[in-house]
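Note that the protein sequences, when read in sequence, are chains Z and W. End of the first sequence sits at 338 in our numbering; the numbers just go up one at a time, nothing left out. End of the second sequence sits at 310 in our numbering; the numbers just go up one at a time, nothing left out.
No wet-lab data here; the hints were simulated from the structure. Where hints are given, some of them may not hold.
[To be verified] Straight-line Cα separation of at most 20 Å, DMTMM-like style, residue types lysine to aspartate or glutamate; simulated pairs:
(1) Z/K70 with W/D237
(2) Z/K92 with W/D211
(3) Z/K70 with W/E247
(4) Z/K92 with W/E247
(5) W/K224 with Z/E104
[Stated by the list, open to error] To be clear about the criterion: a stretch of chain W counts as covered by chain Z if any three or more of its residues have a C-beta under 8 Å from a C-beta of chain Z, and this derived list gives those stretches:
(6) 150-160
(7) 193-199
(8) 225-233
[Stated by the list, open to error] Pulled a few chain W residues facing chain Z out of the computed Cβ check, cut under 7 Å:
(9) S209
(10) D211
(11) A293
Where a beta carbon is used, it is the ideal one built from N, C-alpha and C, also for glycine.
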Amino acid sequence: MSSQRNDNEWIALIDTFLRLPRIPDDLCNDAELTENPNFQKLHRYINDLRDLSAALSRGDLQMFAYTKGYILSNMKALQANLRHLTWQTKQVAEGDFSQRVEFLGEFSDSFNEMTTKLQENNLELERLANVDFLTQIPNRRSAMQFLEQTFLLYKRTLRVFSIMIMDIDYFKSVNDTYGHDIGDKMLKHVSTTLRGVFRASDMFCRIGGEEFLAILPETNLAGAVCIAERVRSIMENAALDIGSAVPLKQTISIGVSNALPGDEKYNDIIIRSDNALYEAKENGRNRVYTNPPEDVGALLKSLSRTNAKRRQSRTADDSPPDEHGGSAAPPANIAE
Amino acid sequence: MTRKYKFFWDLIGDVEDGRPNLGDSVDLETYRLMQFTMRDVLEERFGTDVTDDIFFNAGKLAGREFFRQYIDPVESVDEFVSKTQSILKNKRIGILRLEEAMIDKGRVLLTIDEDLDCSGLPELDYETCIYDEGFISSLFECFTNEKWKAEEIDCWCTGARTCRFLVTQENCEAVNA
Chain Z
3 MSSQRNDNEW IALIDTFLRL PRIPDDLCND AELTENPNFQ KLHRYINDLR
53 DLSAALSRGD LQMFAYTKGY ILSNMKALQA NLRHLTWQTK QVAEGDFSQR
103 VEFLGEFSDS FNEMTTKLQE NNLELERLAN VDFLTQIPNR RSAMQFLEQT
153 FLLYKRTLRV FSIMIMDIDY FKSVNDTYGH DIGDKMLKHV STTLRGVFRA
203 SDMFCRIGGE EFLAILPETN LAGAVCIAER VRSIMENAAL DIGSAVPLKQ
253 TISIGVSNAL PGDEKYNDII IRSDNALYEA KENGRNRVYT NPPEDVGALL
303 KSLSRTNAKR RQSRTADDSP PDEHGGSAAP PANIAE
Chain W
134 MTRKYKFFWD LIGDVEDGRP NLGDSVDLET YRLMQFTMRD VLEERFGTDV
184 TDDIFFNAGK LAGREFFRQY IDPVESVDEF VSKTQSILKN KRIGILRLEE
234 AMIDKGRVLL TIDEDLDCSG LPELDYETCI YDEGFISSLF ECFTNEKWKA
284 EEIDCWCTGA RTCRFLVTQE NCEAVNA
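Please put together the full structure from these sequences, using the hints given.
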């Protein structure tokens, strides 16, 4: 570079370049500078450094510097990392708690701790949203989601399923006579007693007040009646110790229905079960009714005969009992 | 043309059986030695442009086979990203980070840290990850069934500390708008 400036002038010029946000106007037309390609390259580099560092300092991550070079590249790497962090934060906001930061020192630890805690809190909130606070079994929200999925599957594949609505008989009198604490204990007692009756693939939940719902996939009306009768019988004999001489016994009434080809929404099945439950209540309580109406006694006898025949014809078979206490293979008239 | 070297995954062989003592990893220097000497000879024979084209297309073929072998099936963008991040890291190819992932708008900006091909190379004044460009293009093409092109905009060889790729969908209205 054939310089007209002496060393001190160059130092002053570079100092100006480093201090000021932009090249001063009076230097723009300086021939010695504008015609010197090396100086222009350095000038572009410094300008990019200046612009990128200014953008970063105010949190603007959108500026792109195309000039190459070590210092600028380090800043671009920082910019890229911050942009990635921004993307990760958006992912976390959308529920992707798998995001972890590895490149920002102490901040990484804080970010990762935050996402871990958010994930834990989120899981707990999800659990709370789906569980009945008192009985710790699934709640109505959870039941309706399960029912909707089961119904959609039924509409697509015609895989049978049934539901049963159970209502504790004379529950109001429990509250009125013994107080709400005992009423709550009774609700817990029913849920604890019945929880083990259902299969892991069934959904047993409290849908409000003293009302419980069970959704039974792969179970036709006869099979559901069989389970309902077992539930009724268990509750008839289950006693709640309330600290008095005589333990408290409370029966339940049950309305059962199954999905039918004409059903347009899952609520159709709920309405039928509700109607059956109403019939059970009207006809004396502590009983099982179905809708469509069936002779429950005859249904159970028929089921019992079929099961006996199956057992006889399978004497050599060592199949273990299933979760309902019957044979591992379903009775012929449970799975259609 | 009768093909002698057409690629299929089994050509990689049963490494576990074949290398019971040395295992499935190899020194990075050796990998780069093979790649850069091959590039040298190709350039000498066919010129720079053809060599670059060969590397880009070899990367594309590798990306396609890699997607089939390790990433497919994927249902969502999130799954595609996280699976790709995870496999690239586990195989010690590089650390993938996304800056923008507007796949629906045909534009993705990503970085590969500690890249297999270039991290630690001397400054060369040109971007060198052409094989990576092909590889990344293919991953996006396989995932979307659309045509994508990855272009390296920052590279270790040009002074950057990370490789940065702009990946755009070709003929995407949103990109061209």
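A quick look at each hint next to the structure:
no.: 1; hint: Z/K70 with W/D237; result: violated, 30 Å
no.: 2; hint: Z/K92 with W/D211; result: holds, 12 Å
no.: 3; hint: Z/K70 with W/E247; result: holds, 18 Å
no.: 4; hint: Z/K92 with W/E247; result: violated, 25 Å
no.: 5; hint: W/K224 with Z/E104; result: holds, 18 Å
no.: 6; hint: 150-160; result: violated (count 0)
no.: 7; hint: 193-199; result: violated (count 0)
no.: 8; hint: 225-233; result: holds (count 5)
no.: 9; hint: S209; result: violated, 10 Å
no.: 10; hint: D211; result: holds, 6 Å
no.: 11; hint: A293; result: holds, 4 Å
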